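The task is simple: from the sequences and hints, build the whole structure.
Chains as they are written, first to last, in the working numbering: chain Z, 11 to 122; chain S, 96 to 209.
Please keep in mind that the hints were generated in silico from the structure rather than gathered at the bench.
None of these values were measured; they are calculated from a predicted model.
Each hint can be trusted.
So the derived list for chain S, only partly shown, Cβ under 8 Å to chain Z, looks like this: (1) H138; (2) F185; (3) N189; (4) M196; (5) F199; (6) G202.
The calculated lysine to aspartate or glutamate pairs, modelled on EDC-like cross-linking and capped at a C-alpha distance of 20 Å, are: (7) S/K144 / Z/E110; (8) S/K153 / S/E115; (9) S/K156 / Z/E110.
Counterexamples of contact, computed for chain S against chain Z with all Cβ distances above 10 Å: (10) S109; (11) E110; (12) A111; (13) G124; (14) P135; (15) P150; (16) V152; (17) E159; (18) S165; (19) F167; (20) R172; (21) S179; (22) D180; (23) P209.
In this text, a Cβ means the ideal position worked out from N, Cα and C, and glycines have one as well.
Listed below, chain by chain, are the residues.
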Amino acid sequence: DAGITQSPRYKITETGRQVTLMCHQTWSHSYMFWYRQDLGHGLRLIYYSAAADITDKGEVPDGYVVSRSKTENFPLTLESATRSQTSVYFCASSVRGNTEAFFGQGTRLTVV
Amino acid sequence: AQSVSQHNHHVILSEAASLELGCNYSYGGTVNLFWYVQYPGQHLQLLLKYFSGDPLVKGIKGFEAEFIKSKFSFNLRKPSVQWSDTAEYFCAVNANNAGNMLTFGGGTRLMVKP
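Next up, the structure:
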């Protein structure tokens with residue numbers, strides 16, 4: 011019962027570097043999501059995907075890139091990391107977009 | 096755009112006290128409603144959900160929530176909290192015309208004193 015796994019769990023990177031956060035799910039859920047969690051803002055949607063090769067912007071997509079070549083993987087790339095992207099990132103998946111979402115353990119990213 | 100408000104940012108209770116956390120949303124059409132819990136250092140887990148039917152829904156660990164359409168609210172309740180309920184609680188809404196996005200409230204941090 012692997013479910014949904016994120017890697018790495020913790021990452022420290024420097025400003026300007028490219029960083030990729032990985033997300034893998036074993037349920038074959040159609041939908042996958044990336045959220046960032048910041049104090050005072052709750053969870054904000056960065057990008058989501060309805061199926062392989064279909065992605066859409068969420069509330070805060072600037073500075074991020076996603077891809078979904080396979081149903082089970084949904085990597086999130088910060089093309090040029092900035093300090094404002096220091097956050098905890100959660101990946102989630104669901105059968106349909108409006109049903110229960112299952113969350114990964116999160117990746118704590120610090121940009122210095 | 097849909098929005099979700101959780102007015103209580105921090106709540107401190109003693110064990111056995113009753114809990115009610117407020118959640119209000121902005122959309123007037125058909126909605127799916129959720130409460131998630133995040134225990135310290137862990138990921139979000141679903142507490143309960145409402146899609147249709149009985150507006151009083153029961154979830155895990157003794158939690159329940161009531162959907163009041165006229166008030167655009169979906170408040171979370173528990174009659175008697177335990178120390179182990181210390182966590183952050185998030186309300187989330189999916190509105191039918193908002194595509195396939197869940198919108199989360201800002202969260203409420205609950206601390207239960209033993």
